[in-house]
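Enquirer: Sequence:
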Amino acid sequence: MPLLEPKPEALRPGAVRTPSMDRVPDRQAPGTPEPLCGDLLALLGPEKVLRKVSDLVKYASDASPYRFVPQVVVVPQDIDDIAAVLSYAHTHGREVVFRAAGTSLNGQAQGEDILVDVRHHWAGIEVLDDGARARIRPGTTVVRANAALARHGRLLGPDPASAIACTIGGVVANNASGMTAGTTRNSYRTVSSLTFVLPSGTVVDTAAPAADEDLARAEPELCAGLLALKAEIEADAALTARIRAKYEIKNTNGYRLDAFLDGSTPVEILRGLMVGSEGTFGFISEVVFDTLPLDRRVSTALLFFPSLTAAAAAVPRFNEAGAIAVELMDGNTLRASVSVRGVPADWAELPKETAALLVEFRAPDEAGQEVYERAAAAVVEGLDLVAPVLSVTNGFTRDAKVIAGYWKARKAFVTAVGGSRPSGTTLITEDFAVPPSRLAEACEALLSLQAEHGFDAAVAGHAAHGNLHFLLAFDAAKPSDVDRYAAFMDDFCRLTVERFDGSLKAEHATGRNIAPFLELEWGPAATELMWRTKQIIDPDGVLAPRIVLDRDPRAHLRGLKTIPEVEAVADPCIECGFCEPTCPSHDLTTSPRQRIVLRREMMRQPGGSPVETRLLDAYGYDAVDTCAGDSTCKLACPVGIDTGAMMKDFRHQRHSPREERVAALTAKNFKAVEAAARLAVAAADRIGDRLGDGPLETITALARKAVRPDLVPEWLPEIPGAAARKLPGTSRVGASAVYYPACVNRIFGGPEGHRGPSLPQAVVAVSARAGKPVWIPDDVAGTCCATIWHSKGYDEGNAVMANRIVEAAWGWTGGGKLPLVVDASSCTLGIAHEVVPYLTDDNRELHQELTIVDSLVWAADELLPGLTVLRKTGSAVLHPTCSMQHLDDVEQLRTVAEACAEEVVIPDDAGCCAFAGDRGMLHKELTASATAKEAAEVNGRAYDAYLSANRMCEIGMDRATGHTYYSVLMELERATRPEAAVR
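Its first residue numbered 126, the sequence shown is counted upward by one per residue in this note's numbering.
Computed Cβ-Cβ distance ranges for the label pairs, DEER-style: (1) G1087 with H215: 42 to 52 Å; (2) R969 with A612: 48 to 58 Å; (3) H277 with A470: 34 to 44 Å; (4) P560 with N1064: 49 to 59 Å; (5) P489 with R996: 29 to 39 Å; (6) P158 with A576: 45 to 55 Å; (7) R342 with R466: 54 to 64 Å; (8) P560 with G999: 51 to 61 Å.
By construction, these hints were calculated from the structure, which means they are not laboratory data.
Here a beta-carbon is modelled for each residue, glycine too, at the ideal position from N, C-alpha and C.
Can you make the complete structure from the sequences, with help from the hints?
Expert: Dropping the structure here:
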């Protein structure tokens, strides 16, 4: 064991706990049982079988109120693996559930036996016919697919609020729709063809010319059964009419029986049935969508009404005017949205009765937009709107940022309201539809029913389509609360069906919580047809039992998860999964959601239980060590949960008092440490030149093994040589700004083989060239943004350096009179924001007077107007860092790059590189995993320049892509250099 290996006990929860009724039992502490574990290891190999109890726990939760612990998690890489798992399940009487993003709200991505993760190895999009169609793999997020299509002026029809995280496989399997899809733009209407694997292992490509002949040979009984059901339905005129009527409004409850009416052959029928089948009929391995035009002329308004019913009554008028989206939000939703970044704070003061409509019109051109705006204005004139708080404008806007803010608040409905629920309560998200003409009546009835059962729910929805969502919070650990929820559901379902002839699930699919009410909506004849369809396609019941179809009238009350209280920063989490795609470690170890899920399971356990012990043993590496600490999860989370901050705090908890003292001593003597580090880098560079990188890699590997992998960095060949000992000479007289070269740029030099000025030289030169000279103070050595200590959880060292840099910056800038320009985005973020909690009261006041400017903003806003570009490179690919996302200056990166290159590309898969200072040298597997998709996209073609604005991130991308990344400021200097020099 390494000398300074942290003890898992340091992270054992200290709170007094009452074991939860739904805790993982002790018998599951060893993980996947035999012979299941051994069988699957032999069948698939160890890298495809997740079997630790921590693996099982982190996959047991999704965005729904349910929780089921699988026996094993399988991560297949191709269709052969899928077929092998299905064959094994048939042979051994096992059950299989497919899970992609885990954003489903009704438990359909959870299983109690073999759970198959179909996200990790199943991403990719191929744009066809100049964007008219797209072939998409099931693990691709909707946002990623639309990013590729946007270049062609196209987009997908389905647009669920969870588009940032939900994947195409789940969207199709649930027939998810969203804000604008309605009944005409959803998956059922826009899927051109599917490739899927049936429970038997048969692979069907519905676009293949001989698909029906091949299926008839492989599955004759299935084909005959489907055609017999089709004939039976078509012979019943009343049933046929009923099926058609049910899909005049949004409906995802049960199977798409209209597939028997719309399809003429078994393959065509299956194509329709697979949409909305929730993984119970097979695995969708590829989807070809017919795409839709991306109308870029957008006019949007957020209109406030005195009541929910008043807002609902206005919906038909906007529908008639041609609105593509009319979204409803009640007072509870609006007030909860203040937790979302950018939402006006005064929304918290809105009266409870207030409601709002988010109305949007889209047109292909200016003329069309003006027509829509006139129609919208005519509607607004006839409405009695209210303006209860100052931020309310009740007007239409074309401002993209304002519009994005409106949509951010709307899409955060579930997470924002869920985040504000009482601690310890479980969140239920219901989803139903009524004829749009009866929406106001349905709102009134819903409010009355909620009050009758003691719920104060939040309501929102796709009002244009008569589709409402509402959220209920209750304590699943209290039988009385579960009974109250059960009584409400009985009354709600009867109300929706008997009074409104509505859909009990409009777009979230049946899942587990509406399965007991399927027959109430569809009647016995149609429901029995669904059971028979399942029997024909999956006669052995291998796929997703108890999802969609369940004869247990209390099935929706089984598996409700408790939500034990955890650390305050993470306690609001509703486990929605929005954070996962942005997390650098989600394909390697755990995601932010899974880190919280694992922590909650620890809290469910009695202290010292075998399960808790196993979870703690795994948590150190899987959760704490491999967290990049970039906090992009905070940006993706609608309520700003910063799981990275929680992991940094856990690192702090694991430190011994001696480690904290050493870290503080390092901060106090950083001038000497900085000089020593520069000398060490120079020496290593000389050794590498003479002997190669092998000896350095061996020495550091031995040191890591002896001391601790999370403390001793590993030498990487991409590490550059040392920076120049002296910084460029500058003058304070006449300076427009103070330039602070980050310590990383004072220690490490530029890219190997780079000819031209260093980054500090480039910043000084280009600033002077623009008439904005900068001054580098003589005493910057020994100062730092404090991120080194902050990221590792060394609180005392962090406080030392945080206060030192603020005091120094105060002096350098003349008490804040000059801006402080910082040449590394992570350091800008550190000085501007991250140091604040560690400052003394006096220094916090000084900090408020400082203007801290990232070098990208300095270049884009201050320098470019005064520069003449003399030469441009051909093409440049950019790596926006996570710090740029936090600082919101990615556009400035693009602006500067566009001044330097004829073509500028930001990869669709760009994300945090996870190099995170030195974490990429501590855990190089983290950076390898985090950059894999971006690197593959970058290496898909050649570029003339590879640009970013953070030295350690550039090193990480060098390693990932094999290309040399450098600061865009260096390229700007070259582009504007007076002499006709060519690198």
